[in-house]
Every structure is written in structure tokens, then in C-alpha cells.
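First to last, the protein sequences are chains D and X. Once you know that position 142 of the first sequence is 142 in full-length UniProt numbering, the rest is easy, because the numbers rise by one and skip nothing. Once you know that position 22 of the second sequence is 22 in full-length UniProt numbering, the rest is easy, because the numbers rise by one and skip nothing.
No lab work stands behind these hints, which were simulated from the structure alone. Any given hint could be a false lead.
Chain copies aren't distinguished; within one or between two, either way the pair holds.
Claimed, not checked - In silico lysine-lysine, PhoX-like type, Cα no more than 20 Å apart, as pairs:
1) K92 <-> K69
2) K92 <-> K54
3) K92 <-> K123
4) K69 <-> K149
5) K123 <-> K54
6) K54 <-> K69
7) K162 <-> K54
8) K54 <-> K149
9) K92 <-> K162
10) K149 <-> K92
11) K162 <-> K69
12) K149 <-> K123
Protein chains: 2
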Amino acid sequence: MRKLTAVASGIAAIGLSVAAAGGATENVSPIYGVSLPEGYRGWQMITVAHEAGKNNDIRGILGNDIAVKAFREGTRPFPDGSVIARLAYVYKSSPENDAVFPTPQSFVAGAPTNVQISVKDSKRYAESGGWGYGQFENGVANQSEPLLKSCFACHTRLDRSKDLVFSQYSP
Amino acid sequence: MRKLTAVASGIAAIGLSVAAAGGATENVSPIYGVSLPEGYRGWQMITVAHEAGKNNDIRGILGNDIAVKAFREGTRPFPDGSVIARLAYVYKSSPENDAVFPTPQSFVAGAPTNVQISVKDSKRYAESGGWGYGQFENGVANQSEPLLKSCFACHTRLDRSKDLVFSQYSP
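All chains should be modelled from the sequences, with the hints used to inform the complete structure.
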């Protein structure tokens, strides 16, 4: 069994390096080719939000150093290299917390739902306002083209001064 | 006018250094002597939450490296040196976001309300389960002793396995 596992790992490793070299099956979004940036979970927080409705999630919005600097300084449009990571979690009430509060009031982050990545590259993504998008579930790039097309379709409806970004920085 | 400002700044600077030396008027919480840690806004995110009821806020919970490592590895009790920063903002609906969504659904962070700091030091804070607390509004330590006493009174009602901490890490 140990031997089989080792063989299977070997095959997986070969598979990964082929993918990395060939590009065809890399873990990137369709249309934009956006990957999950290394270390994004350790990035600084831009803000937090709750989306009710169909999403019903609570989210933390993180940014790499370029994005966070631009948010803090109000630089618009965002400079190339800005990356925003939107981490969403199931929005759920917390009976544990409510038990120690005066009233039921506590809503917390449950299981992660998905991570959306926005990458600013004004040349590469000129056709979508300079932004490329990716959505990841459990670290795997969602391959739905209609889903990815909906990113720009929605962001482009924002006021132009926002450079296609929903989030505002929370001090 | 410029001269007056310079003199005023000079006085303020002297005031600050006296405070730092004397300790009596430092910007620290009563009971615990907890100050606002330098650079806390850049710390990594632990999780997010929404408190309805009287608080009516949305919050990001950040931690220093020691705290975040303990959260990730499930280390309980938290090691000395762990610091948790809970940043709360007015919970508000976003007409701007809702205008581009199919339904009104978007709630975002408004103005900051307060920042609560929890510092783990099992010796210094032995009488409060190893945690010292501070609350800051606009960077200024709240001097209400009843408020500060309510921190431990509330946290101590949690299950013992949580080491007096509400937050759970969101991956």
C-alpha cells in the first residue's frame, strides 16, 4: 500500500510538472489565466463585508502590498501589480457566542465558500478595464467561463471613480 | 501662527515624553495597562464577524504572528505574547453596491467604532485568566474601569477549551 501511494504521488508530481510546463491544465481561471497567489492568506486586511441574498456570506477582503498602499493613499486607478483577494465564508449565527451575550446577536464565519482574486494589469487585461479575475473553491480554479464573464459585467457597473473595485479601505 | 503651532507642537512633544517616562497619563487601558500595539492594522486576519444587537458592527479580527500561529496550529492555551486586535466598524447597508446587484444584499464596514486589544501574559494577567484587555476609540484608550472589567466577565463565560477567546480561525 505504501508502495502504491508512493507511485501515485510520483504520477501526481509528474502530472503537476507537465501542467506547469504545458500550461493547459494549470490551476488558473479561464479567460484571464489568474492563479491563486502564494501567501495571499497572510496579506493585510482591506475591509470586511456581509453579502446577504443568494451569497449569504461574510467576507474578508485582503490585498497585496501594492493594493493596500493604493487603498490607503487613495490612488486610482490602482497601479499594475495590485492584487485583491476576497475570502468568503458561510454566514452563520453563533449559538456559542450568543450563550454568553445578553441577546442572540453574533454572526460569524463558517466554512470557506470561495476566494476571488482580482489582478490589475492594464496591458494584459485591457479589454476588461485592466482587471483579470479568478474564483477558487478549495484552492481549485473554477473553470466556468460564464461565471468569470460575470465578474467584469458586474464590476463595470460601478461608478468609474472606483476603478471597478467594490471595496473601500477601512482604517 | 506658524510660530504658535510650533510652540504648541513642542509642548505636545514634551507632554508625550513626560507621559512615557512617568506612566501616569500614558495611552493605556485602566486595570491592565494595555496599549495599542504599533502596526496592528497590518497584522494578519484571523476571522470576521458581525455583531447585531446593541453593537451593530462588522468586525475584522487580526492577530500578531504569535497569535496567528497559535490559531493556525490550534495551540491552546495561547502562548504568552499572543495579541489579538478586534477592529469594529459601523455595520451599514451599501446602496452603491446594491445598485449593481440583483437585490439589496450588501452590508459593509462604515466608520470605525473601536478597537479592542487582548494581550496574553500568563504571569502579568494571572488574575484574569492570563489575558489583559484594552479598548481604544480613535486611538485613545478608554478609561472606563467598569467597561474594562466587563471584558473578562464576558470572556470567562466561554467554554474553557477556548482559552477565553471568542474567535476561531477562518482558513
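Tested hints:
1. K92 <-> K69: neither (32 Å within a copy, 25 Å between copies)
2. K92 <-> K54: Both: 14 Å inside a chain and 19 Å across chains, each within 20 Å.
3. K92 <-> K123: Cα proximity of K92 and K123: none, with 40 Å in one copy and 36 Å across.
4. K69 <-> K149: neither (28 Å within a copy, 37 Å between copies)
5. K123 <-> K54: For K123 and K54, neither the intra-copy (34 Å) nor the inter-copy (48 Å) Cα distance is at most 20 Å.
6. K54 <-> K69: neither (32 Å within a copy, 34 Å between copies)
7. K162 <-> K54: The answer is neither: 24 Å in one copy and 32 Å across copies each exceed 20 Å.
8. K54 <-> K149: Within one copy only: 18 Å inside a chain, 41 Å across chains, cut-off 20 Å.
9. K92 <-> K162: For K92 and K162, only the inter-copy Cα distance (19 Å) is at most 20 Å; the intra-copy one is 30 Å.
10. K149 <-> K92: Answer is neither: 29 Å inside a copy and 29 Å across each miss the 20 Å cutoff.
11. K162 <-> K69: Answer is within; shortest intra-copy Cα gap is 15 Å, inter-copy 35 Å.
12. K149 <-> K123: within (18 Å within a copy, 56 Å between copies)
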